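Since the structure of chain A is already known, use the hints to place chain B on it.
2 protein chains.
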Amino acid sequence: MAFLVKKYGGTSVGTVERIQHVARSLKEARDAGDDIVVVVSAMSGETNRLVALAKAVQPAVVDVRELDVLLSTGEQVTIALLSMALKELGVDACSYTGAQVKILTDDSHSKARILSIDTKPIMKDIEAGKVVVVAGFQGVDESGDITTLGRGGSDTSAVALAAALKCDECQIFTDVDGVYTTDPRVEGRARRLDRITFEEMLEMASLGSKVLQIRAVEFAGKYNVPLRVLSSFKPGEGTLITYDDEEDSMEQALVSGIAFNRDEAQITVAGVADTPGTAFAILGPISDLNVEVDMIIQNVGADDTTDFTFTVHRDEYKRVIDFLNSKKAELGAKSISGNDRIAKLSIVGVGMRSHAGIASKMFRRLSESGINMRLITTSEIKISVVIDEKYLELGVRALHEEFELAGDEAEKD
Amino acid sequence: MAFLVKKYGGTSVGTVERIQHVARSLKEARDAGDDIVVVVSAMSGETNRLVALAKAVQPAVVDVRELDVLLSTGEQVTIALLSMALKELGVDACSYTGAQVKILTDDSHSKARILSIDTKPIMKDIEAGKVVVVAGFQGVDESGDITTLGRGGSDTSAVALAAALKCDECQIFTDVDGVYTTDPRVEGRARRLDRITFEEMLEMASLGSKVLQIRAVEFAGKYNVPLRVLSSFKPGEGTLITYDDEEDSMEQALVSGIAFNRDEAQITVAGVADTPGTAFAILGPISDLNVEVDMIIQNVGADDTTDFTFTVHRDEYKRVIDFLNSKKAELGAKSISGNDRIAKLSIVGVGMRSHAGIASKMFRRLSESGINMRLITTSEIKISVVIDEKYLELGVRALHEEFELAGDEAEKD
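As you go down the protein sequences, you meet chains A and B in turn. Position one of the first sequence corresponds to residue 1 (the numbering used here), numbered consecutively onward. Position one of the second sequence corresponds to residue 1 (the numbering used here), numbered consecutively onward.
Just chain A, with the same shape it has in the complex:
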């Protein structure tokens, strides 16, 4: 008897049969007494189909306002079909688009941020015993224009709804059965975590664990919404993401997981003035280009200049390099250089907050494996290094072993 938001992604609702499967799972939960708000994505393949139509009409630059009008139809189809499937099973249900709910966002088409949600219509339906089906990924701005939250934004929709409705838990159903100590495709002995903290999950998510959208985890942490990652296809408890629990922290592992990301590229602006304002002079215009910057590293300079290094998504690499070259004189930089064949490798764990020596343990092991570290950054619960892409798998497995993350069963092998 809980009040739950359950979110199903595109693969989970990819066919009529899968939608019917989701409806049966929802009926079981409803019959057990749970109150349910479901958030769904577009049927898998649908968003790609719509994007292809848009590109056929506007090959160069697609109009983002109209693209949002187009793409938002994907989830709208799913909410209608899932509501129908629920009614077919005798479960009373009602669908809502983002505009109907209404999920108010800013007007940044294709990457809008949620500002507020009108919970009244949903609560009325919940009190009437209905399952409420909401279109993920979409909202509406002040002027009534349809917006979308960007790919994967349905997770964010789900968490925002759970926060606004003060639900007991936000359950994200996906094609994996939880969060692992690292990617099982790289390290076969990776183990599913029963629990993980928001901070750890944030670091894992931002480093390429594709299980959850980083914005969804931020939202969940900010509003303290317990988040659970589960499989749509096989039963299980999944992984629960909550704040660090004092009582549990005694047995907290020092390192919870190994995260990595191959999608980044490194860019160095060398020989710029070591004065206040330099970082902003470089990153301000890049942010204006709508490019997200991940790592930022600046070391103390030997003279009155310094080298400024940051990483961006690999797809943006060429655009940013070209842009910086065009601004080179203006920035007073000696050179612009970069590398897009790098990978980022991190260890994550709230336990390392109170334990020294984790970093040196990591660096020693990588060194023993013959892996050179190009960049290093640290936070309270994460240490990240940038290495040559070709050493990534080797590094992941070495650190997974070093921090004893393998499951018991796997270790018996």
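FYI, nobody ran anything at the bench for these hints, they're computed from the structure. It should be emphasised that the depicted structure is a prediction, and the values quoted were computed from it without experimental measurement. One should not assume that every hint holds.
[To be verified] Here are some of the chain B residues that sit facing chain A, going by a computed Cβ distance under 7 Å:
(1) 70
(2) 73
(3) 85
No residue lacks a Cβ here, since even glycine has one placed at the ideal position from N, Cα and C.
Chain B only, in chain A's frame:
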């Protein structure tokens, strides 16, 4: 330099190439100085695809609220793509769903009626020089639920917009190049009419001339919106539908066209009391079944009973017959009988208002052709007869000749 609503149906926007073709036509009109609101349907095939999905989920009875949520995505895809295609040609454009405009309707899902339209956002865009692209077929009710106007409802959307915006003309682009004296597939010598009155068009439309939705013509007549039917694919002036113009009426033909309809079935409730209330006792419950009744004929009874005959859509025939049989005792009817192999054949023309003898001319010719009339009804501008379906083509051609409707060129053959 006119203010126009232009409506394109599903075939006209059926592919990306056709959407681009429509965009080019709109650019020409815009370049010539016209202010334009475009109303579009779903791409052809899309509505059927969505209906098939709904039926796969709910094979028996589909939930109409959710069906409207589902179907309305069809037009939403088209407005986004057409707006993109216009922008690609350098024409500033902006799309609106029915809910955004907002086209307020009652809450009769799948057959909603338009109550009002908010013209402010459209006029603002028009004044800014934009082409406004509106999703046809859909609206929103008081509670914010998405509604649809029923198949072909995009015509109604277009006319309602033209009325609300006080446009100079509402142009309906379709796959035929105008309104003909009768169906050219039945009578090769059928001629395109340059003009026709609303009343005539109403009678033609209700009798199966599929060119325009009857509700669209009603709307246009009520608000005196000049309506023009044109081809999307070949140039031409099409057929203008307006009120009867006094000056033109001198040269008005007696009969403008021959309409027909194979979709009907005839039902007779025989031997009911010839008293006030009998017609309502029969038709009230049928209307409650949501069955539309077309012709209604009641002749004076020979004794204190009478025979009551009406026609319904052929698809409803069995349901209505079964229903009436279950009510037979309650109605005090002697028998319930019917025929679903009939066709309705009509002559239409405002000219016949002031000319006697049209009816007898029609009946004589049908009789000479050996065609028996089962039922007859008349209005001021129309005479309809019900005949055996097998005689329909014969009847159409005979009357087309009798009232000299063939085009000049065709007559030379």
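Next on the checklist: Tell me if the interface restraint on residue 70 of chain B is satisfied: Cβ within less than 7 Å of some Cβ in chain A.
Outcome noted: holds, 4 Å
Next on the checklist: residue 73 of chain B was flagged as interface toward chain A. Is the shortest Cβ-Cβ separation under 7 Å?
Outcome noted: OK, holds: residue 73 of chain B within 7 Å of chain A, min 4 Å.
Next on the checklist: Given residue 85 of chain B as an interface hint, is its Cβ closer than 7 Å to any Cβ of chain A?
Outcome noted: It holds, given that the least Cβ distance between residue 85 of chain B and chain A is near 5 Å, below 7 Å.
Consistency note: the structure conflicts with none of the earlier hints.
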